[in-house]
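The residues making up each chain are set out below.
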Amino acid sequence: MHVFVARHQTPVLLIVLLGAAVAISEVGGLDALQVTLVEMLIRVLVVVGLYVFIGNSGVISFGQVGFMCIGAYAAGWATAEPSFKQVMLQGLPELLQENQFSFPLAMAGAILLPAIVALLFGFAILRLNGIAASIATFAFLIIVNSIYSNWDSVTAGVSSLIGIPTPVGPWVALAFAAGGILVAHLFQMSRYGLLLRATREDGVAAKASGVHSVRMRLLAFVLSAALVGAGGGLYAQFLGILTVDTFYLSLSFITIAMLVVGGMGSLTGAVAGVIAVTVIVQLLRFGERGFPVGSALFKLPVGSGELGLGLLLALILIFRPNGLSGGKELALIRGPREMMPEGGAVAGARALQDDSNAVA
Amino acid sequence: MTEPSAVPADPTNTDAAELTVDDLTVRFEGLAAISGVSLTVERHEVFGLIGPNGAGKTTLVNCLTGFQAPTGGRVLVGRESTVGWSPMQFREMGVARTFQAGRLFKDMSVLENVEVTAVGLGLGRRRAVERGRAILDWVGLAGKTSLRAGALAYTDQRRLAIARAMVLPPAFVLLDEPAAGMSDAECEGLMVLVSSIPRTFVCGVLLIEHNMRVVMGVSHRVHVLDGGKTLAEGTPAEIQRDQAVLAAYLGVEG
Chain A
810 MHVFVARHQT PVLLIVLLGA AVAISEVGGL DALQVTLVEM LIRVLVVVGL YVFIGNSGVI
870 SFGQVGFMCI GAYAAGWATA EPSFKQVMLQ GLPELLQENQ FSFPLAMAGA ILLPAIVALL
930 FGFAILRLNG IAASIATFAF LIIVNSIYSN WDSVTAGVSS LIGIPTPVGP WVALAFAAGG
990 ILVAHLFQMS RYGLLLRATR EDGVAAKASG VHSVRMRLLA FVLSAALVGA GGGLYAQFLG
1050 ILTVDTFYLS LSFITIAMLV VGGMGSLTGA VAGVIAVTVI VQLLRFGERG FPVGSALFKL
1110 PVGSGELGLG LLLALILIFR PNGLSGGKEL ALIRGPREMM PEGGAVAGAR ALQDDSNAVA
Chain B
2 MTEPSAVPAD PTNTDAAELT VDDLTVRFEG LAAISGVSLT VERHEVFGLI GPNGAGKTTL
62 VNCLTGFQAP TGGRVLVGRE STVGWSPMQF REMGVARTFQ AGRLFKDMSV LENVEVTAVG
122 LGLGRRRAVE RGRAILDWVG LAGKTSLRAG ALAYTDQRRL AIARAMVLPP AFVLLDEPAA
182 GMSDAECEGL MVLVSSIPRT FVCGVLLIEH NMRVVMGVSH RVHVLDGGKT LAEGTPAEIQ
242 RDQAVLAAYL GVEG
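Chains as they are written, first to last, in the numbering used here: chain A, 810 to 1169; chain B, 2 to 255.
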């Protein structure tokens, strides 16, 4: 029992923490914060999804937001008003054009479609190592963006996809964020997580230990795409309107920044990074709008948000290169046997290292 | 140094009695790293492989474990051809290795390091941990299972690398300079460990080592490479008397 609690406390603590934030805002009637809170919870799901692949494999992917785009549009296709789809999205199969599907079905699509695409694409690129793999994932992001911006009859191109019902509120977002955290935790504790971390530590030695690195990476890549895609599906059904460019460079940057700030070596880091960056960006936005100090109005210059985030990222990289979490997991009880993956700490530093060549 | 404790030996995936290199050649862009080398490691022996730096020892080990495809010649596990085998296949078929550079999973625990091999070879987590503990006990790291591998003392890292290769005992293990950087006392312990491998695990050892005391002390036979070619092969006593070896390798005029 003690061992069980020690092993599985981290996800529970993280979920309780997020749950408390939702409960406080609901009870306190802080409606102004609700949009921020839901966005934050969706990003928790997305960044945890990023962590499943990047944190455990040590391969930096710039392309995961592409899966968010795929998931969001899958949900949009399922749930948008048929009257809109029949006019604007005539390239969709009739089944989708004429019907409006339920939230659970839309989410199933938002999870499955990115996972299938990840399986095919991952099969092609996950033999690559280090920076080559990272660049291939970046290419993927660009490919997805180009296709979704130009396939007018299916995605409405650069105009918006509208008429999506919005059942997603704080509790729904919390439920999915919690689910994502649990899945990520179970994966990193599993035999596949163990083997994947070994390939991150030393790819050559992992092969000599009989570990099939490409299979392990592919598994994590698909799982990551499913979680990130679910985040996209939620986002679509939170905003009610979709445009392709939402899921491009700036969102990629901010989600990766969140993972780096929190520390890509641990699940706690992924969640902490989202919270920390959200809080700081909100404070800076608040400052940009201006607030009274005595009789004067104190106002930060426009653009402080981006500048502040950049500065934060630089400071973290200089003073805490392993992120706020330092690669450690949130824990109250120490187990008799240390089961937490202590790994991670150096995943980031190693991620760009190529391990395919010299065998000595 | 006490005799290492017994470890339950699992059956390996192969009943191969010997690991054979037949007329092996490896060329890198026309430059021959190994040319026409033949040797056979038997499952009940420690087989020493020596030679000056650049003699092709590590290249040979890479060929024997799937990290380097030979340009010519054959590598056989028992009678089975290994053409096209991946490193994973070599390990699955019972050929394990360690690395000169150690290559531990530094940020994982000592136990996890050996667990990876056991799980990678298909064992369940619980049994992998059992086997892992047994093998760590055998190399003398029983009290350090939960430490971070990178935090171990240098000699302990070397021992862990051997344990990682020996968990689920292979039929053959290739040790690439396990004694590098060890003191004389530490070498003694290592020699006891290495020489116990054939008996304890029914596993042949190919030992690459620069430390002559270690190689000559534990090997049944020794093979000498120089410039990618075989210079001599024989018992340690024969090798130590061999004029060609003395001249080329030990730098003594004949």
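Among the hints, erroneous ones may be present.
[To be verified] Sample of chain A residues at the chain B side, in silico, Cβ under 10 Å: (1) I940; (2) A941; (3) I944; (4) R1000; (5) A1014; (6) K1016; (7) S1018; (8) H1021.
[Said to hold, decoys possible] Calculated Cβ distances over 10 Å to all of chain A for the following chain B residues: (9) A18; (10) S87; (11) P88; (12) R98; (13) E113; (14) T231; (15) A245.
No lab work stands behind these hints: they were computed from the structure.
Just so you know, even glycine gets a beta-carbon here, dropped at the ideal spot from N, CA and C.
Hint check results:
no. : hint  : in the structure
1   : I940  : violated (21 Å)
2   : A941  : violated (19 Å)
3   : I944  : violated (25 Å)
4   : R1000 : holds (5 Å)
5   : A1014 : holds (4 Å)
6   : K1016 : holds (4 Å)
7   : S1018 : holds (4 Å)
8   : H1021 : holds (6 Å)
9   : A18   : holds (22 Å)
10  : S87   : violated (7 Å)
11  : P88   : violated (4 Å)
12  : R98   : violated (6 Å)
13  : E113  : violated (7 Å)
14  : T231  : holds (22 Å)
15  : A245  : holds (27 Å)
Hint compliance for this structure: hints 1, 2, 3, 10, 11, 12, 13 are not met, and every other hint is.
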